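Now that you have both chains on their own, put them together as the hints suggest.
Chains as they are written, first to last, in the working numbering: chain A, 2 to 161; chain B, 111 to 391.
By construction, these hints were calculated from the structure, which means they are not laboratory data.
What you are looking at is a predicted structure, and each value in this text was computed from that prediction instead of being measured.
One should not assume that every hint holds.
As the list claims (entries may be wrong) - Pulled a few chain B residues facing chain A out of the computed Cβ check, cut under 7 angstroms:
#: 1; residue: Val272
#: 2; residue: Ser281
#: 3; residue: Ser342
#: 4; residue: Val347
#: 5; residue: Val349
#: 6; residue: Gly351
#: 7; residue: Leu352
#: 8; residue: Glu355
#: 9; residue: His357
#: 10; residue: Ala376
What the hints assert, rightly or not - Derived pair list, reagent style SDA-like, types lysine to any residue, alpha-carbon separation capped at 25 angstroms:
#: 11; chain 1: B; residue 1: Lys279; chain 2: A; residue 2: Ala129
#: 12; chain 1: A; residue 1: Lys59; chain 2: B; residue 2: Glu387
#: 13; chain 1: B; residue 1: Lys304; chain 2: B; residue 2: Asp242
#: 14; chain 1: A; residue 1: Lys62; chain 2: B; residue 2: Glu383
#: 15; chain 1: B; residue 1: Lys206; chain 2: A; residue 2: Gly155
#: 16; chain 1: A; residue 1: Lys4; chain 2: B; residue 2: Glu216
#: 17; chain 1: B; residue 1: Lys362; chain 2: A; residue 2: Gln52
#: 18; chain 1: B; residue 1: Lys206; chain 2: A; residue 2: Ile6
#: 19; chain 1: B; residue 1: Lys206; chain 2: B; residue 2: Asn167
#: 20; chain 1: A; residue 1: Lys4; chain 2: B; residue 2: Glu387
#: 21; chain 1: B; residue 1: Lys129; chain 2: B; residue 2: Lys164
#: 22; chain 1: B; residue 1: Lys274; chain 2: A; residue 2: Leu100
#: 23; chain 1: A; residue 1: Lys59; chain 2: B; residue 2: Ala169
#: 24; chain 1: A; residue 1: Lys152; chain 2: B; residue 2: Phe268
#: 25; chain 1: B; residue 1: Lys362; chain 2: A; residue 2: Asn104
#: 26; chain 1: B; residue 1: Lys362; chain 2: A; residue 2: Ser103
#: 27; chain 1: B; residue 1: Lys287; chain 2: A; residue 2: Gly134
#: 28; chain 1: A; residue 1: Lys62; chain 2: A; residue 2: Gln52
#: 29; chain 1: B; residue 1: Lys274; chain 2: A; residue 2: Glu158
#: 30; chain 1: A; residue 1: Lys62; chain 2: B; residue 2: Thr191
For every residue, glycine included, the Cβ atom is placed at its ideal position computed from N, Cα and C.
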Amino acid sequence: MGKTIIGISDMKVSRDPEELLITFSLGSCIGIVIWDPLAKVGGLLHYMLPQAKLDEEKARKKPYMFANTGIPLLFKEAYRLGAKKNHLQVKAFGGSQLLDSSNIFNIGQRNYQIMRRMFEKNNIKIAAEDIGGNVNRTVSLEIGTGRTVLKVSGRGEVEV
Amino acid sequence: MSRLEEIIALIQHIPPFPKVAIQVMERLKDPDVRAAQLAEVIQYDLSITANVIKMCNAAYFGLPRKVSSLDDALVVLGNETLKDIIIAGSSAGFYKGEIGAGYMLEQGELWKHSVAVAIMARLLVRHIKDVDPDSAFTVGLLHDIGKRFLSSFVADDFARIVEKVDREKCSFVTAEKNYLGINHADLGAMILEKWQFSPEQVEAVRRHHDSDALERDELTALVALSNGLVISMGIGVGVGGLATELHGKGLKRFAIGSMELQLCMADLVMEMEGAGEIFDL
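Next comes chain B alone, as it looks inside the complex (with noise of 0.2 angstroms):
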């Protein structure tokens, strides 16, 4: 078998995204969704709700009490705050352990890095509109999970990729591509796939490295966007660094220049003082 074959058979391992988690993006389809309504769908799953009511606790709400019930949660919680954590809890499971090593990343930095990408995405929603806030978060969490199955492989390969990256000035992708014969971004894509996400979804997460996503689809431009800022505030980027090519002349349509791009760097140091304690970074 391939090392290619090895890597696209691994899919058929991966765990299914967990099925209230699935359910919780069906319900989010409608834009207008209520928490109370997400509430409803994974009270049926102990971790994903053990996790929400962990998130809901953090100091950084500063609740007069412990909440300890999904209803509770609700009371004291807004929509929109609330269904960011029923998206993080539901994902959280997949970002556990040592799971970004070949690509130096530390414990939990992946996670980190999701996690300010997804608060990004949300961010830049007020500058390329018509995206729905919440698939940008969605997406933003999930765009790196073929980093997590590509890990291992990008290990065995390590001292090749770096060494093409730093003699070609080529992007961290190309090389990861060029010697797995496939890419995280691509792995992601199939991953996304087998979990039924939207075609769009899909597409974001395969495209978020190409140099012209920003001239693509407002998801895919809006999730490779806020990857790119992230990265380039070199949080949880581990090897790859900022070896990542996007061409900014996309930018134009959304009437985004330097100013715009840098009020959502300073915002998202802002979001992040919070996210760290709610969603355990």
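Looking at chain A on its own, in the form it has when it is part of the complex (with noise of 0.2 angstroms):
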């Protein structure tokens, strides 16, 4: 099976049953599987920030790099490749944090908080997640079956 590797800030989108994606190491950041089981698309992002306001020009090299640029593209780019709206299954993982009482890095719960805005706005469920916490996650799909692999570093695999 060919293995695609999502860096920070990245984005894959495939019809390739014979592909792999997968994403190492979320911390703060959050990763979105999304599936579609008829169309057999499916597609992976790895965003690290809530809002593309902060530096707009990032924002136009690196659209995956926030929240409210690489969701949307996400999903567009898996229409694209026939995935439709009402079949895709939505997974998101990571958004850990810091131990830290005064809040101030909290940008893991800010990236949840703004995905779950996006996505109550559009009517898209989330049929799992595993969020927050103080751990470090990888996340894997299979394009050709759907099958979704998280990883905790030090505390083993389960499939979601």
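So this is what it looks like as structure tokens:
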């Protein structure tokens, strides 16, 4: 099976049943997995920050760095390969935080909140999620089967 | 011999920091030092020189022809860039091989994390002034050196350490110290002391996981913040994950808020693209 690694601020959609999309080390970043079981089209996005308005120039160069520019593109690209909105299974992982009582380092939480707001506005349901805490997550998607595996460093892996 | 004694005894067997690299650090104390003066020093160490020349030839720099000597490198690369490369080339040898397995770090991940923290440290100098950028970069590169030597002990007690972190929601270094008698920050500081780094640099390594690090001296605050952000981004963190305690209230005195933190993270992503090839990540 061909393995494609999705780095920080990157995204990939595919309809190659032999392809595995994987992203390593989601800390406060969020990884969104989408998959259409009928079209056998899937995608994986690894975004790092909530809002593109932080730095418009970087958002133009790297739209997948931000939730509000990356998430719409993930769906658009999947539709382009034949996925349908009402078939898509959507899963989300990451959004961890450092141990900080002052909550200044709450980027994981912000990343999650903006995603929830965007999904609610667009009537997208989350089929599975594993969010928050202080762990480090790796997520993979098999395009042919939709098999999604979550690995938490030092704690083993589960299918989700 | 207790385990703690066994760990501390290890320090005697840690190879010296390359002599040439120490001289580089010495010269770096002068903030106006030129890369040319550093090159004079490193030319006598073949492996560091080879490292530096290889880094200079990364396609990232787009040099029209291959650099084959330090003199060439000096002509084509800027002073700051070459300084970073010389510092990194002097330290790279300590990060070779499978050195972070006890922390569930794949080969090369500890080096990648260290380079990311070094680059982030240099970025943060724009907010945390009064810190010498070269010192920030150097300590960033070496802050986790203790992990290299503690890794196999962590592996021995792996299940208990992870269980304590999960059960008590404590930081990884707290659990590390609980079972091993020492954490990687303390061990790293002892190693830097042995290598005769400055007291400020030793202190910054020792305290890089302290929850109140941001309220301490500038270099300590800068390295702890840099490490915290890189951990948050998930770069080379392994089993410790984000279980590190860092109280953000100390950021106020540097006028750093969430926006500044996010901008630094965004800048690091851009910088890491070029860095991947230069530093062999």
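Residue hint Val272 of chain B, partner chain A, criterion CB-CB below 7 angstroms:
Val272 of chain B check passes; min Cβ-Cβ to chain A is 5 angstroms, inside 7 angstroms.
Decide if the proposed pair is consistent with the structure: Lys206 of chain B and Asn167 of chain B, CA atoms, cutoff 25 angstroms inclusive.
The hint holds at about 20 angstroms.
Can the restraint linking Lys62 of chain A and Glu383 of chain B be considered satisfied, given a maximum Cα separation of 25 angstroms?
Between Lys62 of chain A and Glu383 of chain B the Cα gap is close to 13 angstroms, so the pair holds against 25 angstroms.
Any CB of chain A closer than 7 angstroms to the CB of Ser342 of chain B?
With a closest approach of 5 angstroms, the Ser342 of chain B hint holds.
Within 25 angstroms, alpha carbon to alpha carbon, are Lys4 of chain A and Glu387 of chain B?
holds, 21 angstroms
Minimum Cβ distance from Ala376 of chain B to chain A below 7 angstroms?
holds, 5 angstroms
Holds or violated: Glu355 of chain B as interface residue toward chain A, Cβ cutoff 7 angstroms?
holds, 4 angstroms
Are the Cα positions of Lys62 of chain A and Thr191 of chain B separated by 25 angstroms at most?
Holds, at roughly 24 angstroms.
Given Gly351 of chain B as an interface hint, is its Cβ closer than 7 angstroms to any Cβ of chain A?
This interface hint holds because 4 angstroms falls under the 7 angstroms limit.
Restraint status (C-alpha distance of Lys362 of chain B to Ser103 of chain A at most 25 angstroms)
Given pair Lys362 of chain B, Ser103 of chain A holds - Cα atoms ~11 angstroms apart, limit 25 angstroms.
25 angstroms limit on alpha-carbon distance, applied to hinted pair Lys59 of chain A and Ala169 of chain B
holds, 22 angstroms
Between Lys304 of chain B and Asp242 of chain B, does the CA-CA distance stay at or below 25 angstroms?
holds, 22 angstroms
Going down the numbered hints, you'll see the structure goes against none, and every one checks out.
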